[in-house]
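Starting from the known structure of chain A, arrange chain B with the ligands on it as the hints suggest.
Read top to bottom, the protein sequences are chains A and B.
Residues 273 to 512 in the working numbering are what the first sequence spells out, letter by letter.
Residues 309 to 563 in the working numbering are what the second sequence spells out, letter by letter.
Misleading hints may appear alongside valid ones.
List time: in silico EDC-like cross-link candidates among lysine to aspartate or glutamate, alpha-carbon distance up to 16 Å [claimed, not checked]: (1) A:Lys-379 to B:Glu-326; (2) A:Lys-284 to A:Glu-371; (3) A:Lys-384 to B:Glu-529; (4) A:Lys-378 to B:Glu-326; (5) A:Lys-376 to B:Asp-424; (6) B:Lys-389 to B:Asp-365.
Not everything, but these chain B residues come out facing chain A in the computed CB check (under 7 Å) [said to hold, decoys possible]: (7) Thr-439; (8) Thr-442; (9) Gly-520; (10) Asn-521.
I should point out that these hints are in silico values taken from the structure, not numbers from a laboratory.
Where a beta carbon is used, it is the ideal one built from N, C-alpha and C, also for glycine.
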Amino acid sequence: MALATVPPTRVKRFSANPFIAFYQSSIGKKIIVAVSGLYLIFFVTGHLLGNLEIYLGQDHLNAYANLLQQLGPILWAERIILLSAVVVHIVATIQLTIENQAAKPKKYAVSKPQSSTLASRTMIYTGLLVICFVVYHLLQFTLMWTNPEYRNLHDELGRHDVYHMVILGFRQPLISLFYAAAIFFLATHLSHGFESVTQTLGINNRRIGRFISNGGRWLSWLIFAGYVSIPITILLGLIK
Amino acid sequence: MNFKLKIWRQPNQKTAGEFHDYAASNIPAEASFLEMLDIVNEGLAEGNEDPIAFDSDCREGICGMCSLVINGIPHGPGKAKTTCQLYMRRFQDGDTIWIEPFRAAPFPVVKDLVVDRSAFDRIIESGGYITARTGSAPEANSVPIGKPIADLAMEAAACIGCGACVAACPNSSAMLFVGAKVSHLGLLPQGQPERKSRAHNMVRAMDELGFGNCTNHYECEAVCPAEINRTFISRLNREYRKAAVREAVAVTVDE
Ligand code: HEM
Ligand code: SF4
Ligand code: FES
Chain A
273 MALATVPPTR
283 VKRFSANPFI
293 AFYQSSIGKK
303 IIVAVSGLYL
313 IFFVTGHLLG
323 NLEIYLGQDH
333 LNAYANLLQQ
343 LGPILWAERI
353 ILLSAVVVHI
363 VATIQLTIEN
373 QAAKPKKYAV
383 SKPQSSTLAS
393 RTMIYTGLLV
403 ICFVVYHLLQ
413 FTLMWTNPEY
423 RNLHDELGRH
433 DVYHMVILGF
443 RQPLISLFYA
453 AAIFFLATHL
463 SHGFESVTQT
473 LGINNRRIGR
483 FISNGGRWLS
493 WLIFAGYVSI
503 PITILLGLIK
Chain B
309 MNFKLKIWRQ
319 PNQKTAGEFH
329 DYAASNIPAE
339 ASFLEMLDIV
349 NEGLAEGNED
359 PIAFDSDCRE
369 GICGMCSLVI
379 NGIPHGPGKA
389 KTTCQLYMRR
399 FQDGDTIWIE
409 PFRAAPFPVV
419 KDLVVDRSAF
429 DRIIESGGYI
439 TARTGSAPEA
449 NSVPIGKPIA
459 DLAMEAAACI
469 GCGACVAACP
479 NSSAMLFVGA
489 KVSHLGLLPQ
499 GQPERKSRAH
509 NMVRAMDELG
519 FGNCTNHYEC
529 EAVCPAEINR
539 TFISRLNREY
549 RKAAVREAVA
559 VTVDE
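Only chain A is shown next, with the shape it has when bound in the complex (with noise of 0.2 Å):
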């Protein structure tokens, strides 16, 4: 089977302690970076669904709005858990990415991709574009530090009007073009990621494999859909 030269250098040391030795071991980091990233996936389905009920009027997306900001602790709860999802995601892929990196130090001069899929080789840059995206969105939206003039804004019930700030938002064609960018990229990021998580936390099997991977590439881009028709709606002047 081999040809053996020098005795193979260990290049990795594990700690005695076995949780973080199973954070430095690959299938270890992995599960993380699944359990996360399933999370995440939750949160961008429950926004998703959160966001469509603009197109139950003002008054139904404000009262949900109000809602989520009268939840008080619960709200500050789900922001701390979200938080530390995306920080572990981050760090536990860069790392990934370095050590496969290390792992293959010389690159063929004739490369023929087999199986693997243009989402699949580019996780690790749709994911920092997202939360580039991310950042911006939370500083338009949420603290509204861009636009502070959004501060102002308030329906007859006094309640923050969300309608419409998202709808002054997106009437700017160059934000809701970055802004439908960027869900671009997150649906590719998905549609390598929900059929990973399976296969990470070892669930896929060859009687429902074909069924998730078109499953979760199909999820992926209705979910590109849902969030893609609010700022054409609204650059369309269906919504106002």
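The following block gives chain B with the ligands in isolation, referenced to the frame of chain A:
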């Protein structure tokens, strides 16, 4: 048939290598890829040049010794076969063929196209065995194994340890190889005594040796001569997850 070859030449592990051009002339279409290289080497030897070093042994697809990345694909174009089972009739007359060694940090180049794959032996030593006493095999029918389990174990056992999976993987991950070993031994009753520690120990050896992390590209499955299925990686992930939970709740992992 005639071919233009671009072959990686590297005198040893320490010295940098580069591609050299060779012409392969008058090659019979029924020659295997390795026989084509033999013919080229004969020409080199006649001209007192250093022949191209490459690995091979059985030349019938069972030993896992041959390697090579041919036009960007480990074991060359076509499914479910090794380089020794690749025939020149698959190429067009006049083709340019790029021949590179398997590339991965844990598989250093020894010379030209020969790489050191003993890192796989280190992984096997860490858990790819069973502790049955030799010379006292039980009567075959006294250990019943269901047909579906026997078939699945046999499928995993088809891995010939060639390392093409690592060569094909952009991350040099050895998960398909380890997944095949952990599944083949873990599915059978003979492999049960070490089952709890096997995945844990083999994954640790694989990580320590510098193989990369699987990101589910499945390039390995596409080039594997034994057609080891990706779901054996899923099975390995499952075994590892269970072992990690057991370790975390301090149920001893037997060595
Ligand atoms: C809303 C945001 C995000 C969602 C929903 C998400 C979701 C996912 C999912 C489900 C996976 C598959 C996990 C697995 O392999 O089992 C994944 C993998 C990955 N994510 Fe994200 N992710 C997000 C943001 C990010 C960000 C900000 C980065 C930037 C560093 C990132 C980088 C990666 C990388 C590199 C992988 C591949 C890891 C691997 O296959 O081992 N992701 N993501
Ligand atoms: S899994 Fe396939 S490609 Fe990998 S070592 Fe075994 S036979 Fe070779
Ligand atoms: S030389 Fe034995 S498998 Fe190719």
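Hint by hint, work out which the structure violates, then give me just those numbers in ascending order. Result: hints 7, 8 break, sorted rising.
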